[in-house]
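There are 2 protein chains.
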Amino acid sequence: MITVTQARALLLALTAPLGVEDVPLIRAAGRVLARPVTARRNQPPFAASSMDGYAMKRAEVERHAMFKVIGEAAAGHSFNGTVGPGQAVRIFTGAPVPDGADFVVIQEDITRTGDLITIANEPGEKDNIRAEGGDFSTGTTISPPLSLRAEDIALMAAMNIPTVPVARKPIVALISTGDELVMPGETPGPDQIIVSNTFGLKAMLETVGADVRIMPIARDTVTSLKTTFELASSADLIVTIGGASVGDHDLVAPVSAELGMERSFYKVAMRPGKPLMAGKLGRSAMVGLPGNPVSAMICAEIFIKPMIRAMLGQDTTQADLMTAPLTAPLAANGPREHYMRAQLDRNGIAAFDNQDSAMLSVLARADALLVRPANDPARAIGEPVAYLPL
Amino acid sequence: MITVTQARALLLALTAPLGVEDVPLIRAAGRVLARPVTARRNQPPFAASSMDGYAMKRAEVERHAMFKVIGEAAAGHSFNGTVGPGQAVRIFTGAPVPDGADFVVIQEDITRTGDLITIANEPGEKDNIRAEGGDFSTGTTISPPLSLRAEDIALMAAMNIPTVPVARKPIVALISTGDELVMPGETPGPDQIIVSNTFGLKAMLETVGADVRIMPIARDTVTSLKTTFELASSADLIVTIGGASVGDHDLVAPVSAELGMERSFYKVAMRPGKPLMAGKLGRSAMVGLPGNPVSAMICAEIFIKPMIRAMLGQDTTQADLMTAPLTAPLAANGPREHYMRAQLDRNGIAAFDNQDSAMLSVLARADALLVRPANDPARAIGEPVAYLPL
Numbered sequence: 001m002i003t004v005t006q007a008r009a010l011l012l013a014l015t016a017p018l019g020v021e022d023v024p025l026i027r028a029a030g031r032v033l034a035r036p037v038t039a040r041r042n043q044p045p046f047a048a049s050s051m052d053g054y055a056m057k058r059a060e061v062e063r064h065a066m067f068k069v070i071g072e073a074a075a076g077h078s079f080n081g082t083v084g085p086g087q088a089v090r091i092f093t094g095a096p097v098p099d100g101a102d103f104v105v106i107q108e109d110i111t112r113t114g115d116l117i118t119i120a121n122e123p124g125e126k127d128n129i130r131a132e133g134g135d136f137s138t139g140t141t142i143s144p145p146l147s148l149r150a151e152d153i154a155l156m157a158a159m160n161i162p163t164v165p166v167a168r169k170p171i172v173a174l175i176s177t178g179d180e181l182v183m184p185g186e187t188p189g190p191d192q193i194i195v196s197n198t199f200g201l202k203a204m205l206e207t208v209g210a211d212v213r214i215m216p217i218a219r220d221t222v223t224s225l226k227t228t229f230e231l232a233s234s235a236d237l238i239v240t241i242g243g244a245s246v247g248d249h250d251l252v253a254p255v256s257a258e259l260g261m262e263r264s265f266y267k268v269a270m271r272p273g274k275p276l277m278a279g280k281l282g283r284s285a286m287v288g289l290p291g292n293p294v295s296a297m298i299c300a301e302i303f304i305k306p307m308i309r310a311m312l313g314q315d316t317t318q319a320d321l322m323t324a325p326l327t328a329p330l331a332a333n334g335p336r337e338h339y340m341r342a343q344l345d346r347n348g349i350a351a352f353d354n355q356d357s358a359m360l361s362v363l364a365r366a367d368a369l370l371v372r373p374a375n376d377p378a379r380a381i382g383e384p385v386a387y388l389p390l
Numbered sequence: 001m002i003t004v005t006q007a008r009a010l011l012l013a014l015t016a017p018l019g020v021e022d023v024p025l026i027r028a029a030g031r032v033l034a035r036p037v038t039a040r041r042n043q044p045p046f047a048a049s050s051m052d053g054y055a056m057k058r059a060e061v062e063r064h065a066m067f068k069v070i071g072e073a074a075a076g077h078s079f080n081g082t083v084g085p086g087q088a089v090r091i092f093t094g095a096p097v098p099d100g101a102d103f104v105v106i107q108e109d110i111t112r113t114g115d116l117i118t119i120a121n122e123p124g125e126k127d128n129i130r131a132e133g134g135d136f137s138t139g140t141t142i143s144p145p146l147s148l149r150a151e152d153i154a155l156m157a158a159m160n161i162p163t164v165p166v167a168r169k170p171i172v173a174l175i176s177t178g179d180e181l182v183m184p185g186e187t188p189g190p191d192q193i194i195v196s197n198t199f200g201l202k203a204m205l206e207t208v209g210a211d212v213r214i215m216p217i218a219r220d221t222v223t224s225l226k227t228t229f230e231l232a233s234s235a236d237l238i239v240t241i242g243g244a245s246v247g248d249h250d251l252v253a254p255v256s257a258e259l260g261m262e263r264s265f266y267k268v269a270m271r272p273g274k275p276l277m278a279g280k281l282g283r284s285a286m287v288g289l290p291g292n293p294v295s296a297m298i299c300a301e302i303f304i305k306p307m308i309r310a311m312l313g314q315d316t317t318q319a320d321l322m323t324a325p326l327t328a329p330l331a332a333n334g335p336r337e338h339y340m341r342a343q344l345d346r347n348g349i350a351a352f353d354n355q356d357s358a359m360l361s362v363l364a365r366a367d368a369l370l371v372r373p374a375n376d377p378a379r380a381i382g383e384p385v386a387y388l389p390l
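As you go down the protein sequences, you meet chains A and B in turn.
The numbers in the first sequence follow the numbering used here, run straight up by one, and end at 390.
The numbers in the second sequence follow the numbering used here, run straight up by one, and end at 390.
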């Protein structure tokens, strides 16, 4: 058995960044920028007023000074003339500052009678003008990789970038295996259960940017599994769930071997999830997750998410785990790294008593995975422990 | 002017939870559960083996005991018989435990010759059986409101809930106003800029569950603004951007008043974002955001997101702000609450020097808003300050 860290490295070695595709800006949120994009203009594109007021010459600005208003500049409507000595232009927020003016006195400091204005209050030093290109200028670049947030979308809009080069979404094919499985909404036989892994994994992996396809359930026959692998063969990543152990009915290993899978590893020293296998099947990376629902979800959290990030060209350096004090004691851990479902509150973190890897209800209540190293000794209340938020 | 807290309360008073709609489970991730859902079965639906091994009577389990194997139980294929004294059934993970058996010895502890098996190693106390209904039972309920994560989807699948009652997505209509605006991809005139607010706001509000529609840009005429309000009238929430100040070209207040808007408030004591108005326009809530791109985004973060949560039936109690030590000093704050763009690192938080509300590039670099109370005194490096992560 290999360690979690070794398994992660081997899994990342099965992946490579995918191609680039152009998407309209309005569809780019949440995608990963794949190539640099460059501002096509200055922002502001001209010296612009940041306030409603009057534009004039700075040298003439003093309390009690009078000016003649010779025109108006509004956002989208510049004043087509030059401000001369003793003159001012009525100006609104966002409007281009007219030629000849280099100061805006805010309207609250002005009294106006017809076309004559007087600076009634001390206007201060601030010119209330935004310099051309003060936010960004033509050629300002946004660099990949970058997971695009709302703030980035707004900035790219202002830069007049209507189309964005993003990493193609990794196509993930999910294959549940087992004669005992039926789809939600079906009526199971007395020996059957409802498939849950593929539904949970699809939701999980779509949040990190994958395009996830649920394949038909593969039954516990060589023919059924081969057919399903064939259906999945165009995926970037094929994930099987269940059937990866060494029981007589565990066909994933022999069938994928027969189809030419180059196996990268088999079994990881972790709980939950020991039977985990991975390799290359044709052009696809392939990972065999354990069939217990909780094992499958936690292995996907630890192993599949980083693979998706790698395929999107993102940084796969493992983020530091968080730390919190224990609010309940922990018994000594065994020889496998243990990812325990846990609950956080203001005081710290506590693992649930029941860590049975079939208990989905406990996973749904968890908001963190408490991470215990192999052979970690017993821990008392108040000791700091590492966790991964869910 | 009212405070941020007062404004939030008034804005929430403009909203109410929307209706409920049923969506297929596969589309339910990220939606908000609106009614209780109930498990339609026990999980496991029968006492099930948690290991590969042999099922027998606990009373007979001891080292060196021999048994005759009378059949097999696999996942999806139960053994149709009863295990008698001296008998055992070959069993695989997930299979129903046969009648008459109440213990599973794992295969690693067994030696087998033909149909005869011997317990070769001390099998321990653990029966390796998952009790019927141990995870959940018929009638186990998941309660609303709950923002559905992958873990919840997996659990609902196992419960055989193929359709999920979720809160209808609030329809938000975004109206940018101003003669100076053109859409991304267009060629702006010399006095014009590219609209960015609607693109940024759509991305932001969709992450919290809104269905966001970008309306045509409203020009600075009464007719254009009226037409656009009419186009937006079926929305649950109409958000205008710009034109909400008191300049001669700021038409949002007079036109919405003419259309019958009951104004809830006007102006909030915050930076950025002072000119913010809200009220009820027909059946829609309406919020007028300031036109500066950064003001609009930050006001949406502080005010519009809670409104969306309220319409989704979610808890709108304000989450506690985070706290971090300053890594750069701060000057005294003025009379308005200030939401400063800031950057977090391992050592703490620092506000950007330039807080001009037109600077989208600074917002895109920010990963937090440092929140300063009105009249907060100057702060030194190391002092703890409150922030909202972005």
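Just so you know, these hints were derived from the structure itself, not from any lab.
Even glycine gets a Cβ: it sits at the ideal position worked out from N, Cα and C.
Any given hint might turn out to be false.
Claimed, not checked - Quick partial rundown of chain B residues pointing at chain A, CB under 8 Å, derived from the structure:
| # | residue |
| --- | --- |
| 1 | A75 |
| 2 | H77 |
| 3 | E132 |
| 4 | F136 |
| 5 | A158 |
| 6 | Q192 |
| 7 | N197 |
| 8 | F199 |
| 9 | A364 |
| 10 | L388 |
| 11 | L390 |
Unchecked claim - To list a few chain A residues with every Cβ distance to chain B over 12 Å, as calculated:
| # | residue |
| --- | --- |
| 12 | A95 |
| 13 | R130 |
| 14 | P373 |
Results for each hint:
1. A75: Holds, about 4 Å.
2. H77: 6 Å, holds
3. E132: 12 Å, violated
4. F136: 5 Å, holds
5. A158: 4 Å, holds
6. Q192: 6 Å, holds
7. N197: 7 Å, holds
8. F199: 4 Å, holds
9. A364: Where the cut-off is 8 Å and the nearest Cβ of chain A is about 4 Å from A364(B), the hint holds.
10. L388: 13 Å, violated
11. L390: OK, holds: L390(B) within 8 Å of chain A, min 7 Å.
12. A95: 8 Å, violated
13. R130: 6 Å, violated
14. P373: Per Cβ check, P373(A) is outside 12 Å of chain B; nearest 23 Å; holds.
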